[in-house]
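Chemist: Sequence:
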Amino acid sequence: MISIVSTLYRSSNTIFDFIDAVLAVQLDDDFELVLVSDGDPTMTDELEDQIINRDPRIRFVKLSRNFGHHTAIFCGIEQARGERIVVLDSDLEEDPALIPSFLEELQKQRCSIVIGVQESRNKDSLFGSLYWRLRTLENSLPANLCTMRAFTRTYANAMLLCGDSNFILGDLDDYVGFRKAYIPMKKTYKGESTYSLKRKAKLFASHVIIGSPKLLLSMSAVLIGLCFVALLLAALVIIYRLAVDLSPGWASILAVLLLSLCVNLFCFAVLFSYISKTYTQTKSRPRYIVESIRSARESH
4 MISIVSTLYR
14 SSNTIFDFID
24 AVLAVQLDDD
34 FELVLVSDGD
44 PTMTDELEDQ
54 IINRDPRIRF
64 VKLSRNFGHH
74 TAIFCGIEQA
84 RGERIVVLDS
94 DLEEDPALIP
104 SFLEELQKQR
114 CSIVIGVQES
124 RNKDSLFGSL
134 YWRLRTLENS
144 LPANLCTMRA
154 FTRTYANAML
164 LCGDSNFILG
174 DLDDYVGFRK
184 AYIPMKKTYK
194 GESTYSLKRK
204 AKLFASHVII
214 GSPKLLLSMS
224 AVLIGLCFVA
234 LLLAALVIIY
244 RLAVDLSPGW
254 ASILAVLLLS
264 LCVNLFCFAV
274 LFSYISKTYT
284 QTKSRPRYIV
294 ESIRSARESH
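All letters in the sequence shown, in the order written, are residues 4 to 303 by the numbering used here.
No lab work stands behind these hints: they were computed from the structure.
Watch out, some of these pointers could steer you wrong.
Label-pair distances were calculated between CB atoms; the ranges are [what the hints assert, rightly or not]:
1) 145 with 285: 48 to 54 Å
2) 267 with 49: 53 to 59 Å
3) 86 with 52: 29 to 35 Å
4) 289 with 29: 36 to 42 Å
5) 20 with 232: 18 to 24 Å
6) 271 with 232: 29 to 35 Å
7) 19 with 180: 52 to 58 Å
8) 113 with 266: 47 to 53 Å
Taking lysine to aspartate or glutamate pairs in the EDC-like style, the calculated list, with each CA pair at most 16 Å apart, reads [claimed, not checked]:
9) 183 with 107
10) 65 with 49
11) 189 with 96
12) 189 with 294
13) 65 with 52
14) 183 with 108
15) 65 with 51
16) 111 with 31
17) 65 with 81
18) 65 with 86
19) 189 with 48
20) 65 with 294
This structure is a prediction, so every number in the text was calculated from the model and none was measured.
Think of the CB as a built atom: it goes at the ideal place given N, C-alpha and C, for glycine as much as any other residue.
Let the hints inform the model, and build the full structure from the sequences given.
Modeler: Following this line, the structure appears as structure tokens:
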């Protein structure tokens, strides 16, 4: 069996087109479509019933609230029952017609996972470019990875062993290893992104600052370097004051102190972020809570 996994968040405008596009795909095996509603505020009981009754192969997983895109995908992978699993977004920016190509490449390359790589970012921004540059410093994966991917049950089981509370798929992909292959693909921009500026900033902080220990090491290096600079400046000020009978330059000293304070405050902010994430991890709360799992096939 093949499991096709996708998440729903403000997806009422595209969900039925997405379902029809997936059902139209010709596959060489039976499949199920696992849809995870990640606290979708547009999801009504009537809409949920329509989705479930659309096809008996649809399994509808409803989370108790919004837990985040990647966490919802992880939930879908845990609920998937197939030996091969395909993950893609439901906004139709990733074409479901590419599913057979991903599965074919998975078998042809004899690898454990095939990941889509966006050829060009048609709505890229300075924020997005900075994000991907920082992300690729931490792992060996290429930039502009897409959500769309196909992988084996063995690979899925390896991912499910990871107990991270805060993660993105790219980090898990890099950690679990296995042989990987990549397919260049184009994404079609269909409309407004469901990621608000607040959600993007939270994602950036969690996955770039919190997800990388390199920043913590860099912060330590900055603090050590700042100490040496401060000592050097202090020595120069003392020597200059003893050699030249001038009034002390309070403005320059204050500027140095303020600069040092800013650097220290930034470093402490990053450190506190690490501590907060560590605190969350030690509480060992579940990544998500499932409210219900429904399908037309299992209800009869």
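Chemist: Against this structure, judge whether each hint is valid.
Modeler: Here's how the hints hold up against the structure:
1. Taken as a hint, the range 48 to 54 Å is violated for the pair residue 145 and residue 285, whose Cβ atoms sit roughly 33 Å apart.
2. Range check, residue 267 to residue 49: about 55 Å between beta-carbon atoms, so the 53 to 59 Å window is met.
3. Between residue 86 and residue 52 the C-beta distance comes to about 30 Å, which sits within the given range of 29 to 35 Å.
4. With their beta carbons about 37 Å apart, residue 289 and residue 29 fall inside the hinted range of 36 to 42 Å.
5. Separation of residue 20 from residue 232 is about 59 Å and departs from the stated range, judged on CB atoms against 18 to 24 Å.
6. In this structure, residue 271 and residue 232 break the distance hint of 29 to 35 Å, their C-beta atoms being roughly 18 Å apart.
7. At roughly 38 Å, the beta-carbon separation of residue 19 and residue 180 lies outside the given 52 to 58 Å, and the hint is violated.
8. Taken as a hint, the range 47 to 53 Å holds for the pair residue 113 and residue 266, whose Cβ atoms sit roughly 50 Å apart.
9. As the CA atoms of residue 183 and residue 107 are separated by approximately 14 Å, the hinted pair is consistent with the 16 Å bound.
10. Simply put, residue 65 and residue 49 have alpha-carbon atoms about 14 Å apart, close enough for the 16 Å limit, and the pair holds.
11. At most 16 Å may separate the alpha-carbon atoms for a hinted pair to count; residue 189 and residue 96 meet this at roughly 8 Å.
12. Of the pairs offered as hints, the one joining residue 189 and residue 294 is violated, with about 35 Å between alpha carbons and a cut-off of 16 Å exceeded.
13. Only pairs whose Cα atoms come within 16 Å are accepted, and residue 65 paired with residue 52 is accepted, the gap being roughly 12 Å.
14. About 10 Å separates the Cα atoms of residue 183 and residue 108, which keeps this hinted pair within 16 Å; it holds.
15. A C-alpha spacing of about 9 Å is found between residue 65 and residue 51, which places the hinted pair at or below 16 Å, so the restraint holds.
16. Under the criterion of a C-alpha separation no larger than 16 Å, the hint pairing residue 111 with residue 31 is consistent with the structure, at around 15 Å.
17. A C-alpha spacing of about 14 Å is found between residue 65 and residue 81, which places the hinted pair at or below 16 Å, so the restraint holds.
18. Straight-line distance between C-alpha atoms of residue 65 and residue 86 comes to about 23 Å, which puts the hinted pair past the 16 Å bound.
19. A distance of roughly 34 Å separates the Cα atoms of residue 189 and residue 48; the hinted pair therefore is violated under the 16 Å criterion.
20. Only pairs whose Cα atoms come within 16 Å are accepted, and residue 65 paired with residue 294 is accepted, the gap being roughly 5 Å.
In terms of the numbered hints stated before, the structure departs from hints 1, 5, 6, 7, 12, 18 and 19, listed from lowest to highest.
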